[in-house]
Amino acid sequence: MNSRPAIVGGFILGALALGVAGILFFGGGRLFATSTRVVVFFSESVAGLEVGAPVTYRGVRIGSVKSIAVRFSPDTMTAQIPVYLEFQSRQLILEGKNFGATPADFERLVKAGLRAQLALQSFVTGQLRVDLDFRPGTPVQLTGVGTDVPEIPAVPSDLNQLRNQLAGLPLREVAAAAQQTFISVGRLSDHLDAALDPLAKSALRTTAAATQAFQTVDDAVRQVKTDASSALHDLGSLINDAHGQFDVRNGELSRTLVATDRVARQAETLLDSLNGLVEPGAPFRSDLEASTRDLAVSTSHLRNFSETVDRNPNALLMGRTNR
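Counted from 1, the sequence shown has number 152 at position 152 by the numbering used here; the numbering is strictly sequential.
In case anyone wonders, no lab produced these hints; they're calculated from the structure.
Just so it is clear, the structure is predicted and the values come from calculations on it, not from any experiment.
Cβ coordinates follow ideal geometry from the N, Cα and C atoms, glycine included.
Among these hints, one or two may not hold up.
With beta-carbon atoms standing in for the labels, derived distance ranges [what the hints assert, rightly or not]: (1) Thr226 to Ala259: 46 to 52 angstroms; (2) Leu16 to Met77: 27 to 33 angstroms; (3) Ser35 to Val140: 23 to 29 angstroms; (4) Val185 to Asp75: 53 to 59 angstroms.
Turn these sequences into a full structure, and let the hints guide you.
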């Protein structure tokens with residue numbers, strides 16, 4: 001009986017030890033870490049921002065959202081959305097030492113341009129996160145509401161700025177113009193369909209005619225090529241035959257040229273002889289001239305006798321009478 005309380009006490013002490021170890025393990029050392037809380041007042045919708053959402057600085061997670069509330073002002077009948085952020089002091093180092101999270105420290109950061117902005121955490125789920133960054137030149141809009149934590153000014157998110165820009169656009173006019181444009185495009189499409197159909201058919205006919213013409217030209221070229229090849233072959237054969245005939249007739253032609261040369265020389269000699277016979281003072285020419293004169297006298301006598309017989313046929317029997 002006396003040992004039973006000791007056993008129970010041992011179990012209790014072991015459970016306490018395990019609990020403390022679990023707190024230290026799963027708490028990641030946060031139990032003894034110093035945290036810093038700040039507040040940001042957003043005037044835009046925070047739909048998609050939940051408790052536990054990350055707080056980042058240029059992509060580095062430095063804290064998380066601890067709470068989101070709505071604060072109404074009965075005087076102005078307006079509402080503000082305070083979002084409380086919490087991050088570990090060891091993750092923010094200022095001038096080589098741990099961030100002290102004093103109002104003076106945050107005042108210096110705000111003057112340097114520290115601003116809070118809502119940003120998309122996931123395009124699929126639409127969840128938001130709070131992004132801290134230095135944006136000097138942006139207006140400082142502090143609510144001035146007395147809180148026990150420092151306040152960081154908020155700037156409109158990119159999505160909210162886009163929404164505001166779209167709200168300032170004449171969307172009805174743009175939609176009407178777009179609708180009219182679509183109608184015009186539809187009419188133009190119908191007109192093009194009506195105009196392009198005959199053109200397409202004409203193009204098809206032209207293509208078919210061109211194809212047929214190309215085929216005809218191709219056939220003609222092939223025929224010309226065949227005829228040219230045959231003609232070239234015949235010409236080659238003719239040239240070969242001419243070469244053969246030339247080789248055969250070359251000897252005969254040479255002999256003919258020699259004989260022709262000999263005949264030409266004999267003709268030249270004969271012409272020289274004829275020139276010697278008929279030139280002035282040559283004996284043959286003198287004899288020929290005398291014979292020609294005698295022949296002329298005889299011809300004259302014969303003509304006279306013929307005239308006499310004509311006039312007097314008895315002269316053949318009785319002879320010519322002297323008068």
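Status of the hints after comparison with the structure:
1. Judged by the Cβ atoms, the range 46 to 52 angstroms given for Thr226 and Ala259 holds: they are separated by roughly 48 angstroms.
2. Distance hint check: the CB atoms of Leu16 and Met77 are about 53 angstroms apart, inconsistent with the given range 27 to 33 angstroms.
3. Evaluation of the 23 to 29 angstroms hint for Ser35 and Val140 yields a pass: the beta carbon distance comes to about 25 angstroms.
4. At roughly 55 angstroms, the beta-carbon separation of Val185 and Asp75 lies within the given 53 to 59 angstroms, and the hint holds.
Violated hint: 2 only; the structure is consistent with all others.
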